[in-house]
Structures are given as C-alpha cells and as structure tokens.
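A.B. asks: Just so you know, the sequences run in chain order Y and Z.
Number 263 in the working numbering belongs to position 263 of the first sequence; there are no gaps in the numbering.
Number 1214 in the working numbering belongs to position 214 of the second sequence; there are no gaps in the numbering.
Mixed in with the good hints there might be a few duds.
To be verified - Have a look at the derived ranges for each label pair, beta carbon to beta carbon:
1. Z:Thr1082 to Y:Ser219: 47 to 57 Å
2. Y:Leu202 to Z:Gly1043: 45 to 55 Å
3. Y:Phe249 to Z:Ala1328: 50 to 60 Å
4. Y:Val63 to Z:Ser1217: 16 to 26 Å
5. Z:Phe1079 to Y:Val34: 53 to 63 Å
By construction, these hints were calculated from the structure, which means they are not laboratory data.
Each residue gets a CB set at the ideal place from its N, CA and C atoms; glycine is no exception.
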Amino acid sequence: MSTNPLHVSPPARDNGALPPSAKRASTWASLNSVRRYLVNQLVTVLAVMSTVVVIVPLVAILVYLIYMGASSLNLAFFTHIPAPVGETGGGMANAMVGSGVILGVASLLGIPVGIGAGVYLAEFGRGSLLAAAIRFTADVLNGVPSIVMGIAAWVLLVKGRGFSALAGGVALAIMMVPTITRTTEEMLATVPHAIREAALGLGVPKWRTVLSVSLKTASPGIITGCMLAFARVAGETAPLLFTAFGNQFWSFKLTEPIAALPLQIYAYAISPYDEWHRLAWAGSLVLIAMIMVAVTLVRIYASRGVLKGAS
Amino acid sequence: MARTLTSFVGEAEQAAPEAAPSPIRKFLTARGSGSLADKTFAGLMLLCGFSIFGIVLFILAVLISQSKLSLHQFGLSFFKSTAWDPVAGDFGALPFIAGTLMTSFLALAMAVPLAMGVAIFLSELCPAKLRAPISFVTELLAAIPSVVYGLWAFFVLVPIMRDQLGPFLSKYLGWTGLFEGYNFGVGILTASIILAIMILPIISSITRDIMIAVPISQREAVLALGATRWEMIRTGVLRNARIGIVGAVILGLGRALGETMAVTMVIGNHPEVAKSLFAPGYTLASVLANEFSEASGDLYLSSLVEIGLVLFLVTIVVNGIARGLVWAVTRGTPARAN
C-alpha cells in the first residue's frame, strides 16, 4: 500500500503492552506508554462490547420470533385456508402451496440460466474481459432492490393481463440468476484442472467434460448454492406485491393471482386483528425454519469442502 | 489442451485421406464429439452469460419506456417538488428521496461503528472457538427475510420507541431539535434502527473478510516494532484495508437504500420532508410497495415507475462503486467458504 504501515510513534522501543510498572523509562515516556496501554485496553473493551451489543439483540429477535411462532403454530395452520374476518382459526395452507408454485417457476427459469452463466464464467471465459464484465454485472445486479425486479416483471407479464403466479415466478427468477451464477463459478473454480485434462485426454468432447466431470464434481457445492438462492428469494415479499398479488383462496393456475407465504405474513401483520397477527407470527416461523435449514446445509457443505481429497 | 487435441485429430485425418469417414470418426460423431456439439454448447453457455447483461438492459429499458410520460411532464422538477397528489395529478419525488437518504444514512451512522467493532473482534481478538458460532449467527441473521424483521419491528420495536426510547430521547436530547413533535412510535428513527439491524451483518462480515485478507506479515512487522495490539490493528490492518472497508460500508448503503418491506411497515408512510426524526416519512421503495398495485391513471403509474428508475440507477451506481472497491482489496486472495 502507499502509506508506510510500519510507521509507529517515536517512543517505540518502550514496550506499550507492559503495565505502567516500567520504572526505568523517563516520566514522559512512561506516561506515554500508560496512555498507549490504556488506549489498547479501551479499544479491546469497545470491540468486545460492540460485538455483545450486536449479537444480543439479534439473538433476542431470533428467540422472540421462535417463541411467538411456536406458541401460535398449530395443525390448522398447515391444513386450512385463511378464515374470513372475525372468525378464529384458519391457516396458510394455500399460501404455502402458492409459495411452492411461485418458487418452482422461479427455480425452473432461474437455476438453468444461472448455472449456464456460471459455467461460461468458469469454463469458457476464464480470464477474459467479457467474463469480468459479466461477473461485475452479476454482482451489481445482486444489489438491485427486489422491488425493481417486481416492476420489470409487472411490465413484462402483468400489464394488460392481470396479476399472475407466473409473473411472480419470473420476478424471483431474475433475482436468483446472479446469485447462482457466482456460486456456480466459485464452485467450478475449485475443481482441479487435472480432472478436466484427464477427461479431454481420453477424447471426451468439451461439452461432455463440462457436464459429466466439472459440474458433477462440483455438484454438492452448486446444489447448496442453488438452495441458498432459493432460500433468499423464498422470503421475498416486495417483488410479489404487484405480480403474484396474493389470494385468500386455493389457486393452482399460473395465470391467476396466487397466495404466497411472505405476502400473507405482510398482509396479516398490518391488519388490525389479533388472530391474524398470531397467524403472521406462525407464518414467519415456518418461513425462517425453511431458510435456516437451507443455510445450515450450505454451511455444512462449505465447511466440509466440496472436494476434500479430490485435489 | 483442447487445441492440442484437435490438432492431433487433424493429423490423424491427414494420415488417412479417405473420402468416406472412418468408423472411429462415425462413432465419435454419434457420441457428440463433433465440433458442432461443442460450439453449440459453448454458445448456449455464452448466451446464459449474456442473459445477465440482458436482464440489466431489459430492466433499464422497461423503466425508461414506462416512465416517459412523467419524465416528459415534470422533467427535473420531479426531483425538487414535494407534491404527491394523485387526484390533482401532481407528483414530486423529493419527500421519498429525502426519506430514503435520511433513513439510510442514519442507519449507516448507527451500524458502521458497531460493525467495525464486530469485525475487529472477529478478525483480531476472537478466540478461535467463538469465531465459527458468531459468524454462523450473523449469517443466519442476514438470511432472515425483510418481512419478518418488519413484523418484529412492528410489534416490538414500535412500542419500545413509543413508550421508552422516544420519551427518553426527547427529554435528554430534545434541545438538538431532532426529536420534536409527537412521537407515534413509527417514523424515520424507528425505520433507521431496523435498517441498521438489518445491514449490520452484511457490513461486519464483509469487513471481517477484508481484514483477514491483510497479510499476517504486516501485523507481525508492526508488532515487532513494539506496537500495542490496537496500534497494530490501526496501522497494520485498518490502514491497509481502508479501501475495502469503505466498499463494505457502501455495499451496506446499497442494501439500506433498496430495503422495502421492513421500512414500509414502520416508517409511517407519509409523503413529507420531515424535520424531526420522530416524524413519519416515506422512502422510494416503500411508496412503490404501497401504491404501485393500486395506482390508477397513466401519469400516476408513470411517476411511480420513474421512482423505480431512480432507485435502480442509484443502487446500480452505489453497488458498482462498492464492488469495485471490495475487489481492489480482496483480489488475489482465495475465496473463503466462511
């Protein structure tokens, strides 16, 4: 780096980590070392405290959600559709199925394209300017607010046609592509080159090598990457607000408005009824449980290493 | 590798100049070894790669074409006007831009110092045993959906804000003029707090990654000169990682600018440029969430799409800068699984 990182204040031979008992130093130097010692201790305390200040409320949120959700969850939640206003009971069965439909559409559209782009980056375009540009664009696209994807899907599929499950799926698919592209690329980059060369040396064509050797070797990592993207979009509400729109009843058609778990949670949370608030908490717990399972699986695979022993 | 293979095949063909393809060649072609299959596959993958450009360009084209009406009608005054009157057909984005900037920067002001502390703790001070569980928890928290944070904020944070924190702030910090007016519980400050909670995990984990990427030899050199641990962190680590840390903060800003659901649930949704932090506000993303599906009239819809366009362009620029900065620092270091 440009600045000299070795620059330290003049009395450097005075060991600042020592407690102020270093008597042989002059008064000024010893005062300075006391100051340095205290600043060091202060910063350590501040760093530990900020970690505590951050971790404690965050864990508290998690525990509170689990507590509220668990006390509101019952069998009816999984088997019934929402009850009319004023009646107790009811559940979010249609919303869970609806989320499944939307996420299925999103996965069907988003996963192949995402993996394909990742394969291009890792196997065909490695080191090229075009690949760098695609990689950068994917990272930037990753940060675009989800509600903007909703507008794009709205213009493409809803305008003049009406709200539909398909539009919700497309909005979520657009969000999945950049995430999957980047994880696929990273996972393929961990596949040792010798394996590819062995396949090519046996006369296997390149496309076959990519499909049966590279992708197959990296598949656990790629699958978990897809699950991570899936978990990320599973909780998305904003892009569904004006694409899938939500529905109080059963719906399986791709061309009609459909219920989704995050949408239902939102609608119930801002409603004035206690019974609906209860269902919102229960829905949140189900959503989080789903996402936690995915994230934990990813974590396990990531820590195990995709290719332990292979390289 | 592939080139040597094809040239080898080429030599073999030259050695046996028969008119009819050999049985071996037939066999290979039948199994997809022709150059056509390879080219098709490479082309298909390239197409997938280009689809990412396609998505960005498509979104841009759609947003511009759909907001033409409002762009034409209001021009630049759209960004200066505080009017938001669907009935009279008069629209201005200033209250939303102000609300978005206020909440995002307040959230950064709260989150960045804490995130730095967490990152320093995790990368320099943390016992190895604690490191994995803490980063696991932060990862989990980053994965909690926005609507769930919103639910929590709506039922827990808003009452705390209304009954405890709000009165406390107006009593002791009321002289600053920032905490005036009626405290509803919902408002700019509440939205900023939930935003800060939501962007903390991302800023701290990226900052930690960047600090870990600083070579150990830098730390050892500074320590060998007799520096205390903090002096080592300041001169050896933070100074080297500063560009990447700025990048991480800007990434957090990008997240905060586009955050929709949690903010919509606690900001109060009132299109006015607020002077007090207790006042309800509105952000670019939350006006879209609330009004887009109910917008009637072409001009209304077009104005909302223009707000989406502003949001898109701002987040593209912010994320572009941030990614560039983070890359400048972590480039060359191997990708880390955790």
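A.B. asks: Among the hints numbered above, which are violated by the structure, and what are their numbers in rising order?
C.D. replies: 2 and 4
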